[in-house]
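J.: Could you build all of it, start to finish, from the sequences and the hints given here?
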Amino acid sequence: MTGTLWAVDAGQEHSEGDRSRFGGGVRVDSGPPGVDPGIHRALGLTDGERDEIETVLVRPPNHLELALFAVMWSEHCSYKSSRVHLRRLPTEGPHVLVGPGENAGVVDAGGGIAVAIRIESHNHPSAIEPYQGAATGVGGILRDIFTMGARPIALMDSLFFGDPDDVRQQWLIEGVVAGISGYGNSVGVPTVGGELSFDACYRQNPLVNVLCLGVLPTDRLVLGRASGAGNLAVLLGASTGRDGIGGVSVLASSGFEGEDSAEEMAKRPTVQVGDPYEEKRLIEACLELLEAKLVVGIQDLGGAGLVCATSETATRGGVGMDVDVSAVPLREPAMEAYEVMPSESQERMLAIVTPDDLARVEAVCRRWEVRSAVVGRVTEPPPGQPGRLRVLDGMDGEVLGDVPAAALSEDAPLYHRPLRRPLDHDARLDDDPGALVAPDDCCADLLALLSDSSWVYRQYDHQLFLNTVEGPGGDAAVLRLAAPGLPDSDAGLALSTDSNPAWCAIDPRAGTAATVAEGALNVACTGARPLAVVNCLNFGSPEDPEVMWQLAEAVDGMTEACLALELPVIGGNVSLYNESFGTSIDPTPVVGTLGLIERLRRRPPGVSLADGSTVVLLDAGAGSTSARRRPPSLGGSRWAVERRGHRNGRLPELDLAGHLRLVRLVTGLVSESCGSGADGTGPSDAGPPLVAGIHDVSGGGLGVTLAEMAIRSGVGVRVAGIADHHELFSESPSRVVVCTNRCSELVGHAAGAGIGFRVLGEGGGDRIIVEDLVDVAVEEAASTARRRLEQLDRPEERDVR
Amino acid sequence: MPPRVGVVVFPGSNCEHDAVLAVRRLGGTADLLWHGVTTVAGFDALVLPGGFAHGDYLRPGALARFSPVMEAVASFAEEGGPVLGICNGFQVLCEAGLLPGALQKNRGLRFLCTTVGVRVDSEASILTKAVPSGTRLRIPINHFEGNYTCDPSTLSCLQDENRIVLRYVENPNGSIDDIAGICSSAGNVVGLMPHPERAIDALLGPTDGSVLLRSFLGASSDRGSARPGVSSGCAGSSPAGGPGR
Chain Z
1 MTGTLWAVDA GQEHSEGDRS RFGGGVRVDS GPPGVDPGIH RALGLTDGER DEIETVLVRP
61 PNHLELALFA VMWSEHCSYK SSRVHLRRLP TEGPHVLVGP GENAGVVDAG GGIAVAIRIE
121 SHNHPSAIEP YQGAATGVGG ILRDIFTMGA RPIALMDSLF FGDPDDVRQQ WLIEGVVAGI
181 SGYGNSVGVP TVGGELSFDA CYRQNPLVNV LCLGVLPTDR LVLGRASGAG NLAVLLGAST
241 GRDGIGGVSV LASSGFEGED SAEEMAKRPT VQVGDPYEEK RLIEACLELL EAKLVVGIQD
301 LGGAGLVCAT SETATRGGVG MDVDVSAVPL REPAMEAYEV MPSESQERML AIVTPDDLAR
361 VEAVCRRWEV RSAVVGRVTE PPPGQPGRLR VLDGMDGEVL GDVPAAALSE DAPLYHRPLR
421 RPLDHDARLD DDPGALVAPD DCCADLLALL SDSSWVYRQY DHQLFLNTVE GPGGDAAVLR
481 LAAPGLPDSD AGLALSTDSN PAWCAIDPRA GTAATVAEGA LNVACTGARP LAVVNCLNFG
541 SPEDPEVMWQ LAEAVDGMTE ACLALELPVI GGNVSLYNES FGTSIDPTPV VGTLGLIERL
601 RRRPPGVSLA DGSTVVLLDA GAGSTSARRR PPSLGGSRWA VERRGHRNGR LPELDLAGHL
661 RLVRLVTGLV SESCGSGADG TGPSDAGPPL VAGIHDVSGG GLGVTLAEMA IRSGVGVRVA
721 GIADHHELFS ESPSRVVVCT NRCSELVGHA AGAGIGFRVL GEGGGDRIIV EDLVDVAVEE
781 AASTARRRLE QLDRPEERDV R
Chain H
1 MPPRVGVVVF PGSNCEHDAV LAVRRLGGTA DLLWHGVTTV AGFDALVLPG GFAHGDYLRP
61 GALARFSPVM EAVASFAEEG GPVLGICNGF QVLCEAGLLP GALQKNRGLR FLCTTVGVRV
121 DSEASILTKA VPSGTRLRIP INHFEGNYTC DPSTLSCLQD ENRIVLRYVE NPNGSIDDIA
181 GICSSAGNVV GLMPHPERAI DALLGPTDGS VLLRSFLGAS SDRGSARPGV SSGCAGSSPA
241 GGPGR
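Chain order of the listed sequences is Z and H. The first sequence lines up with residues 1 to 801 when you count with our numbering. The second sequence lines up with residues 1 to 245 when you count with our numbering.
Just so you know, the hints here were simulated from the structure itself, not pulled from any lab data. Do not rely on the hints blindly, as some may be mistaken.
Said to hold, decoys possible - Per the computed footprint, the stretches of chain Z lying under chain H, defined by three or more beta-carbons under 8 Å from a beta-carbon of chain H, are: (1) 316-330; (2) 601-612.
What the hints assert, rightly or not - A short list of chain Z residues far from chain H (calculated; beta carbon distances all over 12 Å): (3) Pro94; (4) Arg225; (5) Arg367; (6) Ala482; (7) Arg529; (8) Leu792.
Stated by the list, open to error - Some chain H residues judged to face chain Z by a derived CB distance under 10 Å, without partners named: (9) Ser13; (10) His17; (11) Trp34; (12) Gly51; (13) Arg110; (14) Phe144.
Just so it is clear, CB atoms sit at the ideal spot from N, CA and C, and this is done for glycine as well.
T.: If you want it as structure tokens, here you go:
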């Protein structure tokens, strides 16, 4: 790629790139006569970008062309601020079939099966219109997956809101959850997990990140590219309306000024409206077309609509494309070309089809009641020149716009934005919460940290397709690797989404590394070997040097952790301008981790306690015999942040080499316990499983880990030797709590792997007891954990349960 | 001979593959049956699976009753053929007049996906003839409109004719008389909101659904033993016009 490097200091933007190869553009006129000299700013382009477009075209752009560039050069589509950093991420691995840059990452799961995965944000639409914002987020990510030829089989959501006791936040939470439920359930893809976090920094700018996983026979993998001059571009699915015009440029690429202001209200038409029934038929029709090999290439229409789909498929295929804008089925009359092309109307796909196959394509579409229309054709680029995207009024009619296709996508501007480490960063690190006064009542603090999100996932179909071995609420979701049309397999998949914005706010590099580490350990707790990650980087304004520093640091932390843990990053999404009133959200990189369970024969033990079992802490940071090596830090802990409002300090140390040893040990122990060892031998039937329950120590520390194990299994626990609130609430990484009936064997394995261990106590009874610190009935802890979200039900509804 | 089950696929259905898988796991054979066909010849039993037929536009089942296949389904039912409507399939059967009553939005106005306890309260149906009354089962539910309702005379008819085949142990959605599933007067048409096909594999959780589906497959392989019967019974309770209008 020959991306132009733009310097943006002091607003003096200039191009260093050689654009001459795009020369020779034909002067065309379209749109309102006499383009308003300031119109590009309303479309979200800077003056420098406007001038660069003129350099590319070797003439002034008309209104339509400006609209094409405005959406494609938006932050959302072009990653112009983040691309220079994203390049540092490790993306390769022996099982990676498709890395970043396509619609989804794809890995080889063995046995002729590939797994496609992608995560994307729909933050700003959800802030403006929570139901439709979240619903169309689900719809968009599904299309990214079936575009690859994969059948979507699972969704996950990472949701971040402000205080759930606040009525406006309740409106957002209810709307977002209902949108995911309404769309996901109806479109027929189970939502198998996710995460839900609350912090004041998301009050004006909630985050809605949606992850989708699909599966396909490896030989059906298709890529979104056009080829073969004369082939037809066929638009499938919904008609095109005025919804979502400029969604990527106006909505996704600027901050918020506050709730209910006239300005926010004016952004509402840029939120699209979803129709899951249309999408369901589109999925089935497209998978049938791909199965029958009736398409040369296929691409979904998401952000930037037809502009993006046509220019990206043409660019990837090294060809050009003519688009007949008059052939696009419209939802409302009298739409202009500059509205039709960037419209983000949902549930549309662009298929590249040979003229010979058109009739069969149309027949499949008719059967599924999916509209199809030939809207363009692939063109041969002039010798030695790049392919062009031409927008025509009638296939042989007037040329309304004519731009080099690659100028819109691959050659979009690239910014090296200034970075600055916050001046008070050292002072913040030195302000350690360890010095805070100890709580009078650790039990009360523990109860306040418990949160049960079953209110959310009860509204999601998480069982469809008969694959869900472990649904929402565990360390990771566990799925059978199966779907109609796939070869038989007894392997399983584990999937987790993780984030740690409180840590990332203190130290974005270490916080992001710890987030990757947690994801790997979460999937290991189900017996899976971590295979790959995807990320969704949610940050504030890239025009703030401190935000750009956070982003750069987060990328470096992710790179360090992924290299150490041997995890390629196979896809990602960047969401910037998550700010309101000039205040950015905490840096929130969300990591989706995919793991593979070689043989899935029995249910993994899960987050559970068993009566009469021994409860053991495995700790990679503790050397080989004692788990008390380091003083436990409370920096970035939920206890410090949520109970004391203390957001500074030094994070607990993460040793990635030790973490990898722990991940491997846990994968081995759990896969043996659930009979899924790679050798297929399984556990002996004579004794109890080596691991009867397992849970990693993360947000809320050891106290929350033990309480969650007790609540989920309904079995109590009694532990001793926890000295104080530091030990109870510290979130030191690389630790898991294991419940076992074969303790000596378990600790033998740990010692052999160089992992420290400590017997904490035993499972049983109906109380959660940490001697001298906590004593509460399991049932009381469970109902406390549920209460926070169940308040969203009206009183007469609560009576139902 | 294992029974051959046709699983009807409407545009928007989504549990059709699960139903096929469950039938096959339990020893039956199963094939998908497109909603546009007008005959169900060659099948020993029919399943109308869960999902959102025709997007649940207007209301669940309201459009599916007009799908071409529904006339054949009605004739098959009238001849005593076993017809099982699961979740959305139950809603379709009610809209088509093959079962009385209707399913409205859950009390609480939220979608519910969870596993609930149900009790078998009648053995007079294809789904429960091999399951003793009083048997308690744990089976997943997954619906927004699962709150069964009917007029008082229909309810007493269902009660008197022993046609309430399944009741919730703890009512999750506000259904009248805790109804989770009912059958036609002949017992060969059954609709239920819980998903027995989701509870057949110990790897996934409870396996109580196989108890019901085995009964259904058993009844399907010796069909003819079922009393031939007419549509939904309970005079006056089915929508005017009946099926296939």
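J.: Determine for every hint whether it applies to the structure shown.
T.: We went through each hint and held it up to the structure:
no., hint, result
1, 316-330, "violated (count 0)"
2, 601-612, "holds (count 3)"
3, Pro94, "29 Å, holds"
4, Arg225, "30 Å, holds"
5, Arg367, "8 Å, violated"
6, Ala482, "9 Å, violated"
7, Arg529, "19 Å, holds"
8, Leu792, "10 Å, violated"
9, Ser13, "8 Å, holds"
10, His17, "5 Å, holds"
11, Trp34, "8 Å, holds"
12, Gly51, "6 Å, holds"
13, Arg110, "6 Å, holds"
14, Phe144, "8 Å, holds"
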